[in-house]
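Colleague: Residue numbers (the working numbering), protein chains in the order written: chain D, 1 to 337; chain W, 1 to 337; chain C, 1 to 337; chain F, 1 to 337.
It is worth saying that the hints were derived from the structure and are not from the lab. All clues given are correct.
The list that follows gives simulated cross-link-like pairs (lysine-lysine, BS3-like), each with its CA atoms no further than 25 Å apart: (1) D/K276 <-> W/K6; (2) D/K244 <-> F/K276; (3) D/K6 <-> W/K315; (4) D/K324 <-> C/K324; (5) F/K244 <-> C/K244; (6) W/K244 <-> C/K244; (7) W/K244 <-> C/K276; (8) F/K6 <-> D/K70; (9) C/K324 <-> C/K276; (10) C/K276 <-> D/K70; (11) W/K70 <-> F/K276; (12) D/K118 <-> D/K324; (13) F/K244 <-> D/K276; (14) W/K244 <-> F/K244; (15) D/K244 <-> C/K244; (16) C/K315 <-> C/K276; (17) C/K6 <-> F/K244.
Every value quoted in this text rests on a predicted model; they were computed, and no experiment measured them.
4 protein chains.
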Amino acid sequence: MIIVMKDHASAEQIAGVVTQVEAQGFRVHLSQGEERTIIGVIGDERPVEVGLFEVLDGVERTVPILKPYKLASREMHPADTLVPLDGLKVGGPRLALIAGPCSVESRSQILETAQAVKEAGATALRGGAYKPRTSPYAFQGLGEAGLELLVEARNLTGLPIVTEAMSEDQVDIVARYADVIQIGARNMQNYPLLNKVGKSGRTVLLKRGMMSTIEELLMAAEYILAQGNTRVMLCERGIRTFEKATRNTTDINAIPVLKRQTHLPVILDPSHGTGKVDYVAAVAKAGVAAGADGLMIEVHSHPEKALSDGGQSLKPEAFAKLVKDIRRIAEAVDREV
Amino acid sequence: MIIVMKDHASAEQIAGVVTQVEAQGFRVHLSQGEERTIIGVIGDERPVEVGLFEVLDGVERTVPILKPYKLASREMHPADTLVPLDGLKVGGPRLALIAGPCSVESRSQILETAQAVKEAGATALRGGAYKPRTSPYAFQGLGEAGLELLVEARNLTGLPIVTEAMSEDQVDIVARYADVIQIGARNMQNYPLLNKVGKSGRTVLLKRGMMSTIEELLMAAEYILAQGNTRVMLCERGIRTFEKATRNTTDINAIPVLKRQTHLPVILDPSHGTGKVDYVAAVAKAGVAAGADGLMIEVHSHPEKALSDGGQSLKPEAFAKLVKDIRRIAEAVDREV
Amino acid sequence: MIIVMKDHASAEQIAGVVTQVEAQGFRVHLSQGEERTIIGVIGDERPVEVGLFEVLDGVERTVPILKPYKLASREMHPADTLVPLDGLKVGGPRLALIAGPCSVESRSQILETAQAVKEAGATALRGGAYKPRTSPYAFQGLGEAGLELLVEARNLTGLPIVTEAMSEDQVDIVARYADVIQIGARNMQNYPLLNKVGKSGRTVLLKRGMMSTIEELLMAAEYILAQGNTRVMLCERGIRTFEKATRNTTDINAIPVLKRQTHLPVILDPSHGTGKVDYVAAVAKAGVAAGADGLMIEVHSHPEKALSDGGQSLKPEAFAKLVKDIRRIAEAVDREV
Amino acid sequence: MIIVMKDHASAEQIAGVVTQVEAQGFRVHLSQGEERTIIGVIGDERPVEVGLFEVLDGVERTVPILKPYKLASREMHPADTLVPLDGLKVGGPRLALIAGPCSVESRSQILETAQAVKEAGATALRGGAYKPRTSPYAFQGLGEAGLELLVEARNLTGLPIVTEAMSEDQVDIVARYADVIQIGARNMQNYPLLNKVGKSGRTVLLKRGMMSTIEELLMAAEYILAQGNTRVMLCERGIRTFEKATRNTTDINAIPVLKRQTHLPVILDPSHGTGKVDYVAAVAKAGVAAGADGLMIEVHSHPEKALSDGGQSLKPEAFAKLVKDIRRIAEAVDREV
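Bound conformation, chain D alone (with noise of 0.2 Å):
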């Protein structure tokens, strides 16, 4: 960390602050510039708190040096987690294609669903059964009915599931369940739930939330990697932003960003990304174009009917020619589908 002194700090006032960075541990160094002094914490400077200093007289502000995670780090692991899903290993040259619903909503929904993403080229099915809705009037999910349901589209097309926890309470009853319990953008930084799922042992999806940047997504991921969970999957889902025409603005360059930042597998869902069906594949495509390591997309079998999010979710012929148009593009990029 360094922290800059106004301008006209006196010497007094330097003291004071080289006083009280010793006194929490670390080493000062000191650079007197013509305008301001700059004073430098050296030292692992992760858990300290930066208030601590801001607040001392004559300091203008701090800026901090490192990264404030350690383990979802690229600097501290340089080589790509991959992380197991079924057969496949998230990270590796094949994309996960995670397809399916958003809402499990009844029986044949979902096994239809299921059949239809799996003979498409899925490799992963998703879909809802504890549903975080803005409104309390809206569906909520079928809750454990859901959880099994997704078990019998499981054992009809061999396709691992992955599912939302909403809160601690409901991470034992998905794991009991799930191949990957999903945390969903609202829920990245509910702290007690991270941590549960961290110590649940089971591999994660974790989606950025709406309003988080990658930094604060990287640091709910270190929540999850301190209790030594490491099979964490980061999921790009669209960002807020002042943009109306799309529900999300696609924050592309997270891609690449989070790549070069740490060592964990990212997947797009260019669904929520956009938020309008018509807008999904092109998404898609630049997703893996980007070097997205997987999709995450809704496909309903009939989307005027689906109890949520109908508007994003793409019929299954409209998925089966993504795949298609995904594979070139894959292929381009020298991955595979």
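Position chains W, C and F against the provided structure of chain D, taking the given hints into account.
Modeller: Then chains W, C and F, alone, in the frame of chain D:
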């Protein structure tokens, strides 16, 4: 809701939408413009999933007409809801002044700060025992020991306690000690938690998510109200924008907007809203002038030793000065401290 | 447009709005819901000021139905507009690759860079002679001397020139030298400038403002088209969001949205979209996969000596490698380089 | 500036950066931490292009230490600048109240409104003759005829005139008629225009761009000041965020931030800041409480007939009421109206 058809929508497509609308139990009102056909959906649209209509052939988009919340709405409940906070009625003429440290850190810290804010004129004490921290390496709060210290501070000063519950599992224990359960910004859309505090019957201070719209804040309140708990105070605490000079951007507009849209009282938190101690007083005064029913302000007896948020915490003397300034503004808008 | 009345709007208020709507020459279509009355305004609403209706007693809000642009709209002009750029038809199967330095800095710099990008496969040369700089103390461009150097580079390489005009006063001189006049992000809503380049008849590359919506970009294009100039290319160059890991957030969604909403060709600028040389290639590939009609990329023969934007400029070798990668992606989406 | 090296930067890379820094005329201060080397750049960094360093091998990022503006900075100029506006000194104890219609529309409209705001207590008259409109089909202002009507209104009421120039070509004519030249939000970074109003010597009201940071606003002011013109008032008018309940988000934090960073007076425009007449008064009061030196408010004698911005314009009676309320707030912060 209205459904806007594409410009070349066929008679067949229009008929298809009408059928689907009627199948959902609504009446239809058709309006043929020169360039567009519009289908009005008559009935209570709140529980309806718009995706049902958006995926139909020929549909361009849907526009909701009714607000998605009911119980939180001033239309349904024109009179101000007054939330009791010890002797005070929050939402009435007298302002709530909730002050105290970000985290409870030690016995001396909380007792000293509690006495100082009491003397300065605070009407409630804030202090976190369970802390949501971006980093797993940062201080996470004292837990139940912190709650016990808060009770000791209440016994000493008579100030009611406001403290956060981060998950449904913490609601019971927090409710046992605290007068008001705070739902933090990161948990504004943690629906299991909202349901649980709704059922608890305890007074709730619901903070706006840093990238949540005002409508989403009211939908979160709706979850609590739907459980029969009407003791809800809303709290504007700054939103995330592109501006970097401050930690968040205080959405001062939100105060008159909320006062118009809902009957619930509105508190402003200028400490998180600005994130810098230098700007807290100006924004606190602005909040009162704009019509806020109270303020929530971080005060720490020794900010330079704070384990969290020191950089935005006022010293007790500065808080005492601010209360005097606030009193003058309050009088200028026919309120009191 | 539809006008949504407040929930307790009186018959008199409704009549007042109807009178005002009809006074503006529109027909009215009234729809009485259970909780709200809606007044449909039938006719071409584009030139109408919505404030006229929003201030009337009893009105809650207005909702536009028609898109505010006409000439830029694909509805009015379904076929793709192909914009000639030397031999190339931008918007057709072959991609435009516009490359070169941020600023023209010296004869050797621009000639060297121009030759390098030509050899690598570029189809046009970019380079700024007039530079909009945040700081008055920064290099402001060589002005007309820079334009002359660009012409020399064109003579040497045969590449058409794309360069910016920052004000209406610069349009004539830029038009004298350049093949394409660039309107920069900061000037997207500089209406006198838009009118002037519209009248110039010269091909225009219109960059999206960093906090402008897609609709506003199309309205800016509409200004140019309204002057009879249809040679307009749109350029997505990243928007401003809360994310700080990159200089801007490339709005990849904007590519399929624009391709659907308008007939004009769409170029992606991944250099400004990311602001970091490390991420340019990934996002360039994403843009082509998403359907962009071309790319605009900063290349500098010696980025470490650049007077502007060195941090986002590719070296010629990196650009040559990127063109090869782009060719593969292009083929995977049935385009060519 | 400090330059942060990558974690495994070699001695050779560090030496390379040092050479480049010294070649630019700076002194170097090296600091070897455990995980990172930091290179301090000693000297006036303001005119330096950071890209020069960011592209060097082994560099992770650069961090500016000095503020990029000088003339606008309170550090360089601690005393408040008072800008004369007719008899008033803006920035002194008495608040500037600039009121009037968005656009000048007709003789009766502007004279009637001018008299009404004068009677209510306004100290200057606003009104646009040249209007930047998103749509080419919207009313674009009366041009010079509008300026003549403003002069007639000034003759009638004695109020000085504030009106916008949209391009450098309009500066001379606007300067001929107006007391204060307004630079609109869309033109905050129109550098030829800033230079021209700088040279004009006329008082300038510089509005913050809706997408601009506070630092960029100060850099825009720096352009004007660098031309020797110190009669600059800054105007916060709301920024663009994800919130949709209001047209813009008033950045109330910007008021104390600007008052601390700069010596120039700060005006708040709550009409654009909210975009809805219902919220203008609350936010106007907030601005005064936060320390604004004045307000700019849209008032129209007949908002329901306004050709622009009717929805955010107060009627004269509402403005008169607001001035009374403002007076009370002003007194509560030791200011006057």
